[in-house]
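Heads up: the protein sequence lines correspond to chains A and B, in order. Each residue of the first sequence is one higher than the one before, counting from 1 in our numbering. Each residue of the second sequence is one higher than the one before, counting from 1 in our numbering.
Since the hints were derived computationally from the structure, they do not count as laboratory data. Note that the coordinates shown come from a computational prediction; the quantities given were computed from them, not determined experimentally. It is possible that part of the hints are untrue.
Only pairs whose alpha carbons sit at most 16 Å apart, straight line, appear in this in silico EDC-like list of lysine to aspartate or glutamate [stated by the list, open to error]:
#: 1; chain 1: B; residue 1: LYS61; chain 2: B; residue 2: GLU283
#: 2; chain 1: A; residue 1: LYS4; chain 2: B; residue 2: ASP364
#: 3; chain 1: A; residue 1: LYS228; chain 2: B; residue 2: GLU378
#: 4; chain 1: B; residue 1: LYS433; chain 2: B; residue 2: GLU399
#: 5; chain 1: A; residue 1: LYS347; chain 2: B; residue 2: ASP397
#: 6; chain 1: A; residue 1: LYS4; chain 2: B; residue 2: ASP343
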Amino acid sequence: MAFKQISSPHGHNPQSTSWVMQLVLLSTLPGFIALSYQFGWGTFINLIIAVMTSLVAEAAMLALRNRPIAFYLKDYSAAVTAVLLALALPPLASWWVVVVGSLFAIVVAKQLYGGIGHNPFNPAMVGYVVLLISFPIEMTTWVTPISLLPEGVQHPGLWESLSIVFAGNTPIDGITGATPLDVFKHSSGLVVDQIYHDEALFNQASFAGVGWEWVNVGFLIGGIILLKTRIFTWHAPLAMLGTLALMSILFWDSGSSASPGSPVMHLFSGASMMGAFFILTDPVSSAVSNRGRFIYGSLIGLLVYVIRAWGNYPDAVAFAVLLGNFAAPFIDNYTLPRTYGHTARRKATDKGEDE
Amino acid sequence: MSRTWETPGGVHPPENKLQSMTQSIGHLPIPGTLVIPLHQHIGSPETVDVTIGQTVLKGQKLTTAIHSDNLPVHASTSGTVIAIDDHPVAHPSGLNALCVTIASDGKDQWIERTGIADFRRCGPLDLLQIITDAGIAGMGGAGFPAAIKLSPSNDKTVDTLIINATECEPYITADDAAMRGKTQDLIQGIEVVCHILNGPKRVVIGIEDNKPQAIKALRSYVQESSIKIVPFPTKYPSGGEKQLIYILTGREVPSGGLPIDLGMVCLNIGTLIAIKRAIVDGEPLISRITTVTGEACGVNRNYEVLIGTPISHLLTHNEFDENNCSRLIMGGPMMGFSLTSTDVPVVKTTNCILAPSHSEIPVDTPAQACIRCGLCAEACPVSLLPQQLFWYAQAKDQERLEAHNLFDCIECGACSYVCPSNIPLVQHYRSSKGEIRKANIDKIDADNARQRFEFRKLRLEQADKQRQAKREARRLVTEQARAASSTSQPGSSAADIIAAAQQRAITKKASPDQQKAKLERALLAAQSRLQEAEKRLIEATINGSTKQQTICSASVESARQKVDQAQHRLRELTD
Ligand code: SF4
Ligand code: SF4
Chain A
1 MAFKQISSPH GHNPQSTSWV MQLVLLSTLP GFIALSYQFG WGTFINLIIA VMTSLVAEAA
61 MLALRNRPIA FYLKDYSAAV TAVLLALALP PLASWWVVVV GSLFAIVVAK QLYGGIGHNP
121 FNPAMVGYVV LLISFPIEMT TWVTPISLLP EGVQHPGLWE SLSIVFAGNT PIDGITGATP
181 LDVFKHSSGL VVDQIYHDEA LFNQASFAGV GWEWVNVGFL IGGIILLKTR IFTWHAPLAM
241 LGTLALMSIL FWDSGSSASP GSPVMHLFSG ASMMGAFFIL TDPVSSAVSN RGRFIYGSLI
301 GLLVYVIRAW GNYPDAVAFA VLLGNFAAPF IDNYTLPRTY GHTARRKATD KGEDE
Chain B
1 MSRTWETPGG VHPPENKLQS MTQSIGHLPI PGTLVIPLHQ HIGSPETVDV TIGQTVLKGQ
61 KLTTAIHSDN LPVHASTSGT VIAIDDHPVA HPSGLNALCV TIASDGKDQW IERTGIADFR
121 RCGPLDLLQI ITDAGIAGMG GAGFPAAIKL SPSNDKTVDT LIINATECEP YITADDAAMR
181 GKTQDLIQGI EVVCHILNGP KRVVIGIEDN KPQAIKALRS YVQESSIKIV PFPTKYPSGG
241 EKQLIYILTG REVPSGGLPI DLGMVCLNIG TLIAIKRAIV DGEPLISRIT TVTGEACGVN
301 RNYEVLIGTP ISHLLTHNEF DENNCSRLIM GGPMMGFSLT STDVPVVKTT NCILAPSHSE
361 IPVDTPAQAC IRCGLCAEAC PVSLLPQQLF WYAQAKDQER LEAHNLFDCI ECGACSYVCP
421 SNIPLVQHYR SSKGEIRKAN IDKIDADNAR QRFEFRKLRL EQADKQRQAK REARRLVTEQ
481 ARAASSTSQP GSSAADIIAA AQQRAITKKA SPDQQKAKLE RALLAAQSRL QEAEKRLIEA
541 TINGSTKQQT ICSASVESAR QKVDQAQHRL RELTD
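Please put together the full structure from these sequences, using the hints given.
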């Protein structure tokens, strides 16, 4: 009788990589629903274009690199990248914006670096930043949240949205406008109370900024689901949100005209929650150890605030994440966990043995 | 309640322990032939005492130890030696090894056994000799000779005896069954060991809380005495020696060190029972309790199995269905290794034979790319970064691997178990460790060769110098003699000088008895240092890094030289 020689451990936890990715996809649902409710069909169309482009691009690149296509497509990682990019892009953006962003994310940021697990930068954020730099107008035109639409005006329906996206028809007046972070960026000179009083975006909000607050709540819910299922640890997201909150408390400046805004507004505006729970937690491009991820998250939180408050862009998660990606290997070098039986942590670049 | 500490990481695989605990420990018919590997533990090889055709009795020694860390093996039943040759044995690498094959005569006739009921009258050294002669190796994992663990060393005292009753691997229930069925033997074994260790301050039995009946059985025996039973939450791998020590004491065995460095000795259940039998009943280690389990076996149960019993014998007596068996594992699912043949025999460390069905442990799905999710790091009980180790293992970056403490990996498999990409991480670590060891051995060889060369050069140079010095001295003497004869001054003649030299030599030898005593003391000290160094080398070979091994083998070498020197000097003196 002969049996196969198989190395231990025998048997395996049922959790698989594609399952992890599917769970991430599912957890974006609350955020996606909030976005669609607040801003109409645009996000859905983004999603379809991005996913299709990404899958085709991934398959083509795998074919070029002589890798088994079906095997890698099944890991759902390209779909995750596509969905995250699509959710970050402005609804009703032209189709080519989405296509260019997706291509950049998959072809350049992911496959050219060696495919899944090898990308030093978060692919979705690379795609996003490339678009933001190349097409600033398209990227900063946001749809008006549903409750702020002028009397009698509605978000375009599915067909109308498709014609805006694909045929380049201009949307009717009133359905695009500024985001809360834009408002703060461009209303220097006013004290915060004044802004809150004047701007419909704020005076009609429940607690942060109309529309955006619920989008952020949606991503927060998704993030909590992922935390509960232990897909990632709390270190990076909570460190980022904590630092962001801390910074906005420190520089709150009691709401003067120079104040960059309240902690609540910062936490629940722009891509804060999505960034914290869906972008920072991309394990490939982040730091490795828990302690490293804590530092990585704090660094990004700090950068987000600095760019929002004193930089040229109203939101900053994408830039901050890419800068964080740059720093990750450096952070890793100093944050190896202390191994059992050792008195101190070691550096990743240590030579020889310690003691 | 004693306080316990929680190790980081760990996993909770399905326990699957109930199925083999429905019946008490069983016995199987004596197999027709028994195959006894001569080398079942870590240490150096032995010399065979028997010849083909010789009849042997149950318990008869088959080998003689030639080294302090050798263990003999014994005939597990009476019969005739029919072969002494290479035979497939249970080894992760699927190697053959020298075995004695015995055709049993069915009489199961013992040698004469002389047990020591009142072991407290014996000195520790005598008891340790009996334990060595009984061939007792640690019966949990690596099979480290028990007597070496227990022998006193000159600078360390043992104040804590830890009894490893964790049995954290899924499926295995051998220790559980033993604790329930042989409680009294176990307690006596503990008493013997306490006597050998000169009464350690603390005796702790560490046990996972999934064995309530064993805990109850133990409690009913030890209420009075000073043995503490400490249950703690079930989690794999709590049963690693280092993990258990942390759980029970909150202290960590230094990397590359031994529990003795903390004043602790850790023994497992099987070993303690074997010690009791060796001392009190005079029986060498010829059988052990083994769990036979898995869905491919119709019966799941623990057996008292003779060492050398072919696995096929176990399987056929347990309604084994080969077609339903996905793989054959010796040990548990987490750390056990797969067997390619059912011909291999049960050895002293065989705690379990697991024959899972195809649905129970299916063929692994192909590994996907590492997504660096970090689940592995969350599961690692020694706080390594398995994903980084994997990365550097693939890159063959030995420096980074050592910087990431590869050699502190206990190969528990928790990381592979949780990896969603199904990467056989442990396999990569094993081969990386092997490569680094090999590279270091090559380096040591090169270093040794260089050292030998330099040493030789030095010796030649010195010899040269000495010759010159002698020549010079002779020249001086003759010159002086010449000068003396010319001036005829008394006291400085050549004869006088020689006489003075002889006088000096005599004074040097003035007190031979004193010198002898001194040399003997030196020899003893050197011998004990050598033993200590050898002990460490063995431990380092099992789980240390290469650097430690290098250091250890160097110190063994120098200790050995010191012993040789001391012996040599002693011989010179007595001759
Ligand atoms: S669990 Fe597997 S996929 Fe995840 S980081 Fe570890 S090795 Fe990579
Ligand atoms: S096998 Fe090694 S790296 Fe993996 S969990 Fe166990 S100790 Fe950690």
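Cross-check of the supplied hints:
Distance restraint check for LYS61(B) and GLU283(B): the Cα-Cα separation of roughly 11 Å lies within the 16 Å cut-off, and the hinted pair is therefore satisfied. Taking the CA atoms of LYS4(A) and ASP364(B), the gap is near 12 Å; set against the 16 Å cutoff, the hint holds. For the hint linking LYS228(A) to GLU378(B), the alpha-carbon distance of about 14 Å falls within 16 Å, and the restraint holds. In summary, the hint linking LYS433(B) to GLU399(B) is supported, as the alpha carbons are separated by about 12 Å, within the 16 Å threshold.
Taken as a hint, the LYS347(A) and ASP397(B) pair is honoured in the structure, with Cα atoms around 15 Å apart against an allowance of 16 Å. With a C-alpha separation of about 14 Å, the suggested pairing of LYS4(A) with ASP343(B) holds against the 16 Å cut-off.
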